[in-house]
Amino acid sequence: MITLAELVNAVPLLIIAIAAILTLLITTFFKKSTDVVFAVTIISLFAAIFFYFGDLEKDALIFTESLRINMVSIMFSVIALTAVFISVLSAKSYIEKEEINFGEYYSLSLFATLGMLVMIHSANLIVLFIGLELMSICFFVLTGFLRKRVKSNEGALKYFLLGAFMTGFLLFGISLIYGTSGTLDFIKMLQNQSLVKQPLFLIGVALFSIGFFFKMGIFPFHMWVPDVYEGAPTSVTGLMSTAGKIAAVGTLAPFIVNTNVTSLKVIFSVLAVLTMLFGNVIALSQVNIKRLLAFSSIASAGYILVGITAMNEFSVKGVAFYLFAYTFMQLGAFILVSVIEKPSDSSNDYKGVNLDDYKGLASKNPSLAVLLTIFLFSLGGIPPFAGFWGKYYLFYAAIKSELVWLSVIAILLSIISIYYYLKIIVYMWFSKESGNEVEIVVPPFASIALYIAAGLTILFGLFPNLFFVMFKTVLK
Amino acid sequence: MTFIIILIFSGAFLAPLIYRYLNKISGWVLALFPLSAFVYLIYNIDITSNGGHFTEEFLWFESLNVNILFYVDGLSLLFGMIITLFGALIAIYSNAYMKKYEGVGKYYLWLLFFAGSMLGVVISGNLITLFVFWELTSFSSFFLIGFFNEKEKSRYAAMQALLVTCLGGLALFAGFIFIYIITGSFDLRYLILHSDVVKSSPLYTIALFLILLGAFTKSAQVPFHFWLPNAMEAPAPVSAYLHSATMVKAGVFLLMRLAPVLGDTDIWNITLISVGMTTMLLGAAMSVAQKDLKKILAYTTISALGTLVLLIGIGTPLAYSAAVLFVLSHALYKGSFFLIAGIVDKKTGSRDVESLSGLYHYMPAVAVFSILAALSFSGFPPFINFISKELSYKASLDTQFYFILIPIFLLASNILSMYSALLAGLKPYLGIKSEYKEKYKISFSFILAPALLSLGGIAAVFFTGILDANVISPAAKSIFLVNTAVEMKYWYGFNTAFILSLLTFAGGYFLYRYRDTFKFYNIVFVNRLAPSRIYDYLLSSIKLISFRQTRILQSGYLRYYIIIIISFLSVTVAAVIIQGNIINLTLDFRFEGIYEMVLFTGIMFSAILATISKSRLSAVVLLGVVGYGVAVIFVLHGAPDLAITQFTIETLTVIIFVLILYRLPKFSNISDRNSKIRDWIIASVFGIIMTIVTLAVVSTEMKPETANYYAEFSKLLANGKNVVNVILVDFRALDTLGEITVLAVAALGIYGLLKLTVKK
Amino acid sequence: MVELNYYLGLSSILFAIGVIGVLVRRNAIIIFMSIELMFNSINLSLISFSSFLGDVTGQILVFFIIAVAAAEAAIGLAIIIALFRNKGTVNIDEINILKW
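Line order of the protein sequences matches chains E, R and Y. Residue 1 is where the first sequence starts when you use the numbering used here, and the numbers rise one by one after that. Residue 477 is where the second sequence starts when you use the numbering used here, and the numbers rise one by one after that. Residue 1237 is where the third sequence starts when you use the numbering used here, and the numbers rise one by one after that.
In silico DSSO-like pairs for lysine-lysine, Cα to Cα no more than 27 Å straight-line:
| id | chain 1 | residue 1 | chain 2 | residue 2 |
| --- | --- | --- | --- | --- |
| 1 | E | Lys351 | Y | Lys1335 |
| 2 | Y | Lys1323 | R | Lys1152 |
| 3 | E | Lys364 | R | Lys582 |
| 4 | Y | Lys1335 | R | Lys1019 |
| 5 | E | Lys342 | Y | Lys1323 |
| 6 | R | Lys576 | E | Lys364 |
| 7 | Y | Lys1323 | E | Lys151 |
| 8 | E | Lys148 | Y | Lys1335 |
No wet-lab data here; the hints were simulated from the structure.
With the rest of the complex left out, here is chain E (with noise of 0.2 Å):
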């Protein structure tokens, strides 16, 4: 049944499979080999995205219609795996450092990798489906990959009960749609224009929606995250926070958009209200980076919902453009907090992830400083980085469907964020040295996927048009 041109569509997802399962192997019967995996893993990563690049068909369904190999869906999977890519380099020397240093590592980074693109692809609801959990499970397992620390077996805990319960509000909405339209499949639930007008086919899309939403942390399914991003160890916040949330939007986003359910726009946009509201609010109380940076990230998911919200043209390419930016300047963030975390000795904590421990970070190291100053004021939304255009492409999308108060209260909201980044550039700026005299090593691996994260950012924001030149020479 299985056709050559279908696997030669296929062949990005087919080389992450096939990375993931050949990691597993050396793993279990070499020992000492995690830096054969690493290689492997960053090798088919790269080829992944470069194959994307490659002789793909632009519109295709393959495997029985059961994938979708389209520009949107490249687009996504490119930026998932981008995120992926350098997450696994900057992970390396961190897991060294927290002495988890095992291949199982970078098999979960690549399995979950697979499950994000299994999902981005999905044509129909059951291989979506197996896509979110195969990628769930492998994110429970990383959060409580430091075994030994309670903090993360707590996160991964949590995230655990959370996620297996939203996957049954999921399900549900699941159940309903199929219920109401007959078909799992998404072509097919398009070509029936009168679904939209039966409220039980929309109260499925919600529900449905909703187990996207607490993958991206939309207020009120937001609570998991700052507890699992604080919990789980640095590297794997920093793949959670982007490349997880990615593939969740970067599934919902065009079938929310496709459908088209405008009758959805009013709770959506409360809820990307609130979102905001509470993530930006919230952050500014907080005292440990990483949930600031959480809090933040939820504040993030807002803006996106806020382009969701919009459904018109501009959502899934403005939706796509800020999650591309929002990769390098969150990981570039997360990859720095993991730089600068000291080794947990014996105590059983995460040491130097609290506020105090940047202040004077620019006498100790300024290069470092410099780079976590430009991912802030991106994230900040301050031109020219790249965050800034992601969020005028997400508001603008919101303006051009009449949801003028929307993007309007969404800048006003996020300008409270300014509030929390400032503190911390502050911090690193204007104090002194808190007492520790440490030495900061900054690896050579990650020091490199900080320098890429932070030139893309700045890159991206002189050159914003280049995004949308990429995929359109390449794909075209």
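Position chains R and Y against the provided structure of chain E, taking the given hints into account.
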């Protein structure tokens, strides 16, 4: 245009290198970058002096239709010249001032970076370009202050300055967005042509409000003025450049730039005049209570910025000319003042005007230039500032707003400012010799910039005609759009304005002469009056809100998280049900299928019992029973294979769970009474709503038109009889592969989490 | 064969009971079993829809849900045991280090 921007930015990025290799003269070399930009502007002065302009446009963000547009007219040219010329002078001055600091290469980087961004602001032709450069100035100014500030106490000030300007920046952006919503364009040329559309729009007021917020915060207008004096921690050249000549004038520039678009409405005039007047007087009044040289300068700068806003608010051609001229003259004397303050501070180690005296004997050249600057500040003829003072008096007399109040305010603030000018510019140099070491050696590069600026204020006398024709008039014209024809003269005749000038000199001298009687230092109202208290209050209350919210929403207890989710869902779904009006259920209980009914009841009861049972084991087993019941239903629906899977997995799960539960310690597994009741209520409401939803599914019309691809083709293509199995194996091979992967990962996860722990 | 709405009613009730279980129970393992109950109720409604619509895709989804639930159970147990080893409890009311 692009050329000079790129030139300055490339200078910025070369700065660390140049500093490394040309250490001693790096400031001089780097001054060449802004200087050549200055020359370029002068070279192109012909185009703008005739009221023309030149533009350059580039595609930037095609998919959003955003372009980079540079647009140079008289106004841009004036500001551009100030920015580039000052940039060069400051770089030279820094050569001496920054000698003993570390990281000077970076300082030059950000200095030139700032110059480039500032130049970008004034030559932007559309609002997006302007906003981008606007924020770049905030960004780079931050580093200019940050690199040389490790004092713990300045953290607060830095935070404040940044926060206020950044917030203003975003408000400005929001305002620009409103303008875009009204007109559909960011292009200034388009906006000026369609200003009536903007002004008649219902969104005009909010757009104006937001834009003014941006301009006022940047230009330190009351009530946002408090950040400027606090920002005086910065090194002297930075203060001179940012806080007197360029950055703080960005707000004023913006107002001038947008006056043809937004201006000439009552709300515009009255807001600007009121804010400007208040700022002008308060700034001057606060300046007299200061002892710190730089603080005095900061408050008089606030006052000057207030005057500028006031003049723009008056909005007559005369007022615009006065404002434009004042921008230039203020930059000259205030820049010089700041730089001299830097020299004094550096050499004597003190900025206290009360204790400094007799410095003339130690640094005569500095004293001369300082006195020149002070006289210029006071507005004595023949300094250029005299003309701008005259013009502003004339403009203030010639407006219908606020009757006679404006000239009175202007007079009062000028008198107070003059006192401050004399105090800061005269007092430290005259009087008795105090105890200082010997003559201070002041290098050429140290004195060059203040000297040129001070002399510039007086040298302009000889060029009034050229200046007027080529710079001032074109600049005023680009605000008013018509030729204004206000001649710059030293003698307009013996009129009211002249009398006001004379009164100013008399009053200022009087205050200075009898300063010991008045004891202005003791007036401490400045601190009480500070809106920075409101700032503090707002900040602390928003933090408190944040703190309380966190305690409620992020309790850390899983149970509360779930309660919040459930309650939210109940409310939302209930709202949708009521909105969608779908509660027309037909519940007719027909007793068909007695076996099913028994089965249903059994399942339900086991589920309920499992939830309330006190024993953990029985809970698990009862939940297993529910699973078996569901499996039976699968059989009833003709899916035996599913049923078998369900049986198997349910059995396995129950066995494993029982085994594990057995090893875990016991604890009473039901919550306390009150929370139990609460949980039950929440859960039951949710349950009822969910039931309604699902039952409603049935009452909606459904079409079981099953274009059933699989059933028809399974036998043909895959030669199988059990439909589900065929689908699983053949049609859905990929899903199944995925499924196997999930299981494999599960195994991997367990391995990762558990087995490795055993090593311990 | 009884009508579809009986099945759906049962499914909803089971779902609600599952939610109640998640809310009132404190033992992490039993909470997870309650979540499994929710999954079972969804399976029930899916299979009813499937036979009502005469379309087998619903059944396939049920199959996957069962399997995924099993995988999740395995992972969940691993997580719970890892936590228990470090902390000595599986009572979710005592698991509260990560907060604020």
